[in-house]
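Asks: Can you make the complete structure from the sequences, with help from the hints?
Taken in sequence, the protein lines are chains A and B.
Those letters in the first sequence? Residues 1 to 116, per our numbering, in order.
Those letters in the second sequence? Residues 1 to 112, per our numbering, in order.
Hints were generated in silico from the structure; no laboratory data involved.
No experiment lies behind these values; they were computed from the predicted model shown.
Note that CB positions come from ideal geometry on N, CA and C, so glycine has one too.
Some clues are possibly wrong.
[Said to hold, decoys possible] Covered stretches of chain A (in silico footprint by chain B; criterion: 3 or more residues with CB under 8 Å from a CB of chain B, positions within the stretch not fixed):
id	region
1	21-27
2	38-48
3	90-96
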Amino acid sequence: DGGITQSPKYLFRKEGQNVTLSCEQNLNHDAMYWYRQDPGQGLRLIYYSQIVNDFQKGDIAEGYSVSREKKESFPLTVTSAQKNPTAFYLCASSPDGDRTGGYEQYFGPGTRLTVT
Amino acid sequence: AQSVTQLGSHVSVSEGALVLLRCNYSSSVPPYLFWYVQYPNQGLQLLLKYTSAATLVKGINGFEAEFKKSETSFHLTKPSAHMSDAAEYFCAVSELKGKLIFGQGTTLQVKP
Chain A
1 DGGITQSPKY LFRKEGQNVT LSCEQNLNHD AMYWYRQDPG QGLRLIYYSQ
51 IVNDFQKGDI AEGYSVSREK KESFPLTVTS AQKNPTAFYL CASSPDGDRT
101 GGYEQYFGPG TRLTVT
Chain B
1 AQSVTQLGSH VSVSEGALVL LRCNYSSSVP PYLFWYVQYP NQGLQLLLKY
51 TSAATLVKGI NGFEAEFKKS ETSFHLTKPS AHMSDAAEYF CAVSELKGKL
101 IFGQGTTLQV KP
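Replies: Given below as C-alpha cells:
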C-alpha cells in the first residue's frame with residue numbers, strides 16, 4: 001500500500017537534546033511538508049521541500065532543521081534551540097509542489113513529541 | 001495573501017441532525033479549497049476538494065461543500081450526523097508552490 005509513514009508514534013526527550021523525526025513516503029511525490037499542531041492553533045508549516053536537495057523555511061522554522069537527500073525521505077530535527085518543542089508533528093506530501101494549487105496533500109499518522 | 005477562517009471552534013449536533021461547518025476564505029486568485037478530517041491522534045484525511053470544476057463538491061462519508069464566490073465561503077455539510085463523524089475538521093486554501101493555509105479547525109461533537 002502506498003502512503004506516508006512517520007516514526008515513532010510517541011517520542012519522549014529531555015530538554016536540551018536534539019531529536020529527529022522520521023518521514024518516509026512511497027507515493028513518488030515530489031513535494032514534502034512538515035507541520036506542527038498545537039491545540040486550537042490549526043497546522044503551522046515548519047519546512048517544505050519541492051525537490052530533492054532543496055527545501056524552504058515555512059512560518060515557524062526557528063529551532064528546526066531538515067534534509068532532503070532522497071525523494072522518499074524528509075526527516076525533521078527538533079533542536080535544543082526550539083523553545084517549546086512539545087507538540088504533534090505531521091508530515092505530508094503532494095505530487096507536485098511547483099503548481100499554484102490544485103493538488104491535495106497526503107498526511108502521515110503523526111508523531112507526538114513530549115519534551116520534559 | 002490567502003487566509004482561512006473557520007467560524008466556531010466547537011460545534012455540537014445530535015445524531016441524525018444536519019451538520020454545518022463554516023469556512024470563509026480570502027484569496028487574490030481563484031482558489032483551490034479543501035476540507036480535511038482528523039480523528040484523535042491521527043493524521044489528516046481529505047474529505048473533498050474544490051478545483052473550479054463544479055461549485056457543489058461531493059466528498060467521502062456523505063459530506064459535501066458548496067463554493068460560493070460572492071460570499072467567499074466553502075461551508076461543509078452533511079444531512080444526517082453519525083456518531084462516527086465526531087472529529088476535528090479543517091478547511092484549507094491552496095497557496096503558491098503547493099502550500100496549504102489551514103483554518104484553526106472545528107471540533108464536531110455528535111450527541112446520541
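Asks: Just pull the numbers of the violated hints for me, sorted ascending.
Replies: 1
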